[in-house]
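Colleague: In order, the protein sequences belong to chains A and B.
Here the numbering used here is used: the first residue of the first sequence is 1, the next is one more, and so on.
Here the numbering used here is used: the first residue of the second sequence is 1001, the next is one more, and so on.
These aren't lab readings, by the way, just hints derived from the structure by calculation.
Incorrect hints may have been included.
[Unchecked claim] Cut-off 20 Å, straight-line C-alpha distance, at most; resulting in silico cross-link-like pairs (EDC-like, lysine to aspartate or glutamate): (1) A:Lys-68 to A:Asp-58; (2) B:Lys-1405 to A:Asp-228; (3) B:Lys-1256 to B:Glu-1313; (4) B:Lys-1397 to A:Asp-228; (5) A:Lys-30 to B:Glu-1215; (6) A:Lys-176 to A:Asp-106; (7) B:Lys-1233 to A:Asp-33.
[Unchecked claim] With the Cβ distance kept under 10 Å, some of the chain B side facing chain A (calculated, not the full set): (8) Asn-1208; (9) Asp-1356; (10) Asp-1363; (11) Ile-1367; (12) Arg-1388; (13) Ala-1389; (14) Asp-1391; (15) Leu-1396; (16) Ala-1399; (17) Gly-1400.
Cβ atoms here follow ideal geometry from the backbone N, Cα and C, with glycine treated the same way.
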Amino acid sequence: MNLYGDLGNIITLVRRCEWRGIEAEVVNVKAGDKVDFATADILFMGGGQDSGQKTIADDLVSRGPAIKKEIEEGLPALLVCGGFQLFGHYFQTSEGDKIPGIGVFDAYTVGGEKRLIGNVVVDIAHLASEWQNQFGQASGGATHTTLVGFENHSGQTILQGGTKPFGYVIRGFGNKGDGGYEGAVYKNAFGTYLHGSLLPKNPWFADHLIMCALNRRYGHVDSLIQLDDSIEISAHDAAIERSKTAKTLSI
Amino acid sequence: MRKFLAILAAETARAISQITKRGSGSALPGLVAQKVDPAIITKLSDMLPGGVILITGTNGKTTTAKMVAGILEAAGHKVIYNFSGSNLSRGIASFLIQHTNFWGTKMTGDIGLFEVDEATMPEILALVRPKAIVVTNLFRDQLDRYGEVDKTAQIIGKSLALAPEAKIILNADDPLVASLSKYNKNVLYFGIDDDYKTQSKGAIDSRNCISCGAELDFNPRYFGHLGNYTCPKCGVSRPKLDYSLSGLTFSVEDSKATLVTPNGKTDIAIQLPGLYNLYNALSASALADFLGIKGDIVAKTLGTVSAAFGRMEKIALPDGRNIFLMLVKNPTGFTQTIETLTFDEKPKNILIALNDNFADGTDISWIWDAEMEIIQKVAENVIVSGIRAEDMQLRLKYAGYDMGKVTLEDDLAKSLELGIAGLAAGETLYVLPTYTAMLELRRTMSSKGLVKGFME
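Isolated chain A (complex conformation):
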């Protein structure tokens, strides 16, 4: 599924690998395709329209056990919007249909009355200690503990048990539309509502996914080759500034 510029996430992962001499191959998985998730290094699933979601959901559920096994063993995954919702237990649409998910996250989604739209800034400092030395190591040495993006969702995702949010909303609506928490994390799987695209303007998080992938495949990898991220950082900072003035919508 691809909607809302999710292609930017793929482009970013591929480029940031290429620039470091790491070969990257993109495999598009369509409903019914044969896939061995053990050979995957990073799993990505984006948002789709509601109609696309139903088709994809059946296919995803059939792959649920295989995906969960790899996630348990550390497969890094980025799940945006529709993908995030389907990695929870279920998504109950505003029409009352219940679309089952695969339950990677102890979370569920209910269709809301309103669509929440606008720029988002989230604080992910609570993950910093776990990400260790690769965290925030974009050029300039500054530690980056924010992510910027754009949300557009009517589904509200409620985390249960001890499920950790991905971030805490500084500006925007977040999972429940209340400006509280955003997304979910389980092992190396990250669910979020952030488009934008997410990864281009948050290169430290893109690099974290790449680090996780390298660690899983090759054992302990200490650091990545530093890239010049000045253009990425200027876009990140400009997005934070814009979020202060741009209007958000709740319709």
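Position chain B relative to chain A; hints supplied.
Modeller: Below, chain B alone, put in the same frame as chain A:
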């Protein structure tokens, strides 16, 4: 009597808003008139002897409407059309009132032509009884405003069902648009019949079968999800074309093709580049043919039509230099515009201006779906500007541009100066702005005396 009072109230509102200089006064009179007489639109539009024509769809509405108006006028009609783009119902009410006599007993034109936003279709169809409705295409556009494209199709479809008498003229090459025939069977189809193939990958617009969800086969695909398609699983395919274009030839600034209608063949040449403008010409020709206008009038008029305001405009500067303004508003349109620039291989000076105001779409994710990679071979110098200039700069970096050739200038007026200053004699600056960036750039050009004021 009620109609008269409504018109009187509207005219009063217009006069007051002009005296107090509150806005342009374009929607207020209509709003007032609708309060006095909710049926004002129905009453006035029914007075048009040639009926009402609606044009909707994501891209090409305004340019198509402009072409249709030109053709109808050349054929001797007096057309009233809501050219200024105020296409909510109160805008249309205002507009109709402006084109009636004082007593509301006679319209000043014989045919009404309205460009209607997809989301406004149900509101308008509840009020007018159109003779024909053209649906140009359905692409992802400003999602943050309308939700999702499937929902947009449903909204349009349900409104088409409200107009059983209207002839529905559909783009057969767009599977989603073609599927609208299930809501109203009184249909004519237009499409391209040529072996032209796009260079773009078109990864973003849904290419799945509307009926069964399988991925469609295209032979060929023209752009985005438009093409001659068949579903390998359930057999759904592009409907038979009533109107088509074949023998397409393009340059960066114009295009040619042969128009085939049930009434014969005509060669057409338009002073606008890109396949999307040929689609506009095709839908306008289909509508004209349906209205009984002869092919030679259609061809002659199309040859002289310029693009709608700010969509595509060539502005002459001293020393044979030019500015070529090309509006971009969604990923497929952006990719098409870029592809147009590669129709010749001359190195080009390009200014991309990205804003994220409401009219531009506040979510700029779409730039990642535009295939910026294509332009590489013709981009000599690129300036990025606008509210989200940094995002565009980043997009270019990940498209693999030589960032030494990219200049960031947040300020739009300065970016234009910079772009013009970089032109040698005889060179063109290709300016690709989003909507509000286009307005601002045009204001700058107007203050420098390069273009005339806002209204044409």
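Colleague: Which hint numbers doesn't this structure obey?
Modeller: none
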